[in-house]
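Colleague: Below, each chain spelled out in residue letters.
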Amino acid sequence: EPEVTQTPSHQVTQMGQEVILRCVPISNHLYFYWYRQILGQKVEFLVSFYNNEISEKSEIFDDQFSVERPDGSNFTLKIRSTKLEDSAMYFCASSDIIGPNQPQHFGDGTRLSIL
Amino acid sequence: AQSVTQLGSHVSVSEGALVLLRCNYSSSVPPYLFWYVQYPNQGLQLLLKYTTGATLVKGINGFEAEFKKSETSFHLTKPSAHMSDAAEYFCAVSDTPGGGYNKLIFGAGTRLAVHP
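Read top to bottom, the protein sequences are chains A and B. Numbering of the first sequence is given in our numbering, commencing with residue 1 and proceeding in unit increments. Numbering of the second sequence is given in our numbering, commencing with residue 1001 and proceeding in unit increments.
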C-alpha cells in the first residue's frame, strides 16, 4: 500500500537555526498537509497546500514557517528560526482529489527537538 | 467552529473485554468523522470514517463506530480487545465537509491499555 514518507525521523537543532522537514506524499495525491503534536497535547493543523499554494493555515503557522513543493514528489516544511516551543512531532499528510471520502494519509512523523 | 471531545484520556481493559472509546463532536454542518490510531513511534493510521449513509461503520482490526446525530457522538467499539490494540486513538472531524481541503480537527486522544 502506498505510504507517506517523512525524513528525518528525528531532528535535533539549536534554537535560532533553520530546519527543513521533508515529506514524500502518496504519488497521485493532490492535497498536502502539515500537522504537529506537542508532547502530551492534541494533534494540531498547521497548513494545507494545493496547486502549489497554501489553501489554509492556522494561527500557529506564522511568518517563521513556510511550505514548498520544490519538485513533483517532495513537500517540505521550513522553520526559519526555531524556538524552544517548536519542539514537537510534525506529521505530513496527503489526500486524493476533492472530498472527505478521501481521508488523509499520514506519515510516521519527524520528531523535532530544539535545544 | 467544529470541535471534538474525547472522554477519558486513559482507558484500561482486559484482553477479551469490550473496548469503548468515547467521542463527541460539535459541528454546525453535517460532520465527516474519523478515527485514527497511533502506535508507539508511528504515524496516524486511519481506522474508519463516517461521511454519509450507514451510521454504523466498520473499520480495520475489528473496530466499528456508530454515528448518532441526536447525541453528537461517534463512539468507537470493539467486542473483544487484543493485546495488540494497545495504542492511542484519536477522533477527528473534518472542518470543511464537501470542500476540497478537509482540515482535520482532532480530539485530545485516548490511550488504550490492554492487560492480560
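Hints were generated in silico from the structure; no laboratory data involved. Glycine included, every Cβ here is placed at the ideal spot set by N, Cα and C. You may find that some hints are simply not true.
[To be verified] Label pairs and their computed distance ranges (CB to CB):
#: 1; chain 1: B; residue 1: 1062; chain 2: A; residue 2: 40; range: 27 to 33 Å
#: 2; chain 1: B; residue 1: 1042; chain 2: A; residue 2: 113; range: 14 to 20 Å
#: 3; chain 1: A; residue 1: 64; chain 2: B; residue 2: 1113; range: 33 to 39 Å
Colleague: So, for every hint listed, does it hold in this structure?
Modeller: Tested hints:
Roughly 29 Å separates the CB atoms of residue 1062 of chain B and residue 40 of chain A, a value that falls within the hinted 27 to 33 Å. At roughly 18 Å, the beta-carbon separation of residue 1042 of chain B and residue 113 of chain A lies within the given 14 to 20 Å, and the hint holds. A beta carbon spacing of about 38 Å between residue 64 of chain A and residue 1113 of chain B agrees with the range 33 to 39 Å that was offered as a hint.
In summary, this structure violates none of the numbered hints.
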